[in-house]
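2 protein chains.
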Amino acid sequence: MPYQTDISNPRNILALNIRRLRGERGISQEKLADLAGLHRTYVGSIERSERNVSIDNIAKLANALEVKISELVKEDPA
Amino acid sequence: MPYQTDISNPRNILALNIRRLRGERGISQEKLADLAGLHRTYVGSIERSERNVSIDNIAKLANALEVKISELVKEDPA
Numbered sequence: 003m004p005y006q007t008d009i010s011n012p013r014n015i016l017a018l019n020i021r022r023l024r025g026e027r028g029i030s031q032e033k034l035a036d037l038a039g040l041h042r043t044y045v046g047s048i049e050r051s052e053r054n055v056s057i058d059n060i061a062k063l064a065n066a067l068e069v070k071i072s073e074l075v076k077e078d079p080a
Numbered sequence: 003m004p005y006q007t008d009i010s011n012p013r014n015i016l017a018l019n020i021r022r023l024r025g026e027r028g029i030s031q032e033k034l035a036d037l038a039g040l041h042r043t044y045v046g047s048i049e050r051s052e053r054n055v056s057i058d059n060i061a062k063l064a065n066a067l068e069v070k071i072s073e074l075v076k077e078d079p080a
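Residue numbers (this note's numbering), protein chains in the order written: chain C, 3 to 80; chain X, 3 to 80.
Worth flagging that the hints you see were computed from the coordinates, not collected in a lab.
Just so you know, same-sequence chains aren't split out, so a pair can sit in one copy or run between any two.
Cross-link-like lysine to aspartate or glutamate pairs, in silico, EDC-like; alpha carbons within 20 Å at most: (1) Lys76 <-> Glu52; (2) Lys70 <-> Asp8; (3) Lys62 <-> Asp8; (4) Lys33 <-> Glu49; (5) Lys62 <-> Glu52; (6) Lys33 <-> Asp58; (7) Lys76 <-> Asp58; (8) Lys76 <-> Glu49; (9) Lys62 <-> Glu32.
Make a model of the complete structure from these sequences and hints.
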């Protein structure tokens with residue numbers, strides 16, 4: 003059985019959306035961190051669901067990815 | 003000119019949605035806090051946009067209000 007991310011964990015929802023949107027834009031974690039005004043290692047830990055990210059930083063990431071905040075926490079991005 | 007909440011502030015978006023949904027459900031701040039497992043004064047400060055709420059606590063509030071996390075951070079709830 004392939005690895006499945008548990009989307010009942012809100013940190014995983016955020017991580018999946020950020021990874022997906024960053025991939026679609028073809029930008030690195032470092033570039034995203036730079037655009038959002040956050041540290042590269044912090045963005046890495048968010049993408050590994052390790053961080054309990056605050057609304058202010060979710061908003062910075064949404065702005066950097068040019069999506070609405072709600073897009074970053076959508077369970078079903080389709 | 004009537005008081006307008008600045009929805010470019012992500013804390014205000016969250017605060018407005020929580021107040022609206024709590025009002026629609028006819029429950030008090032204390033009841034919402036109880037349902038979410040958070041402190042009553044903390045919920046009050048979230049509704050006044052004073053807190054930089056984390057994704058884990060946003061998820062607790064969404065569960066308590068029986069909506070998706072993305073509903074709590076939607077700029078346009080209509």
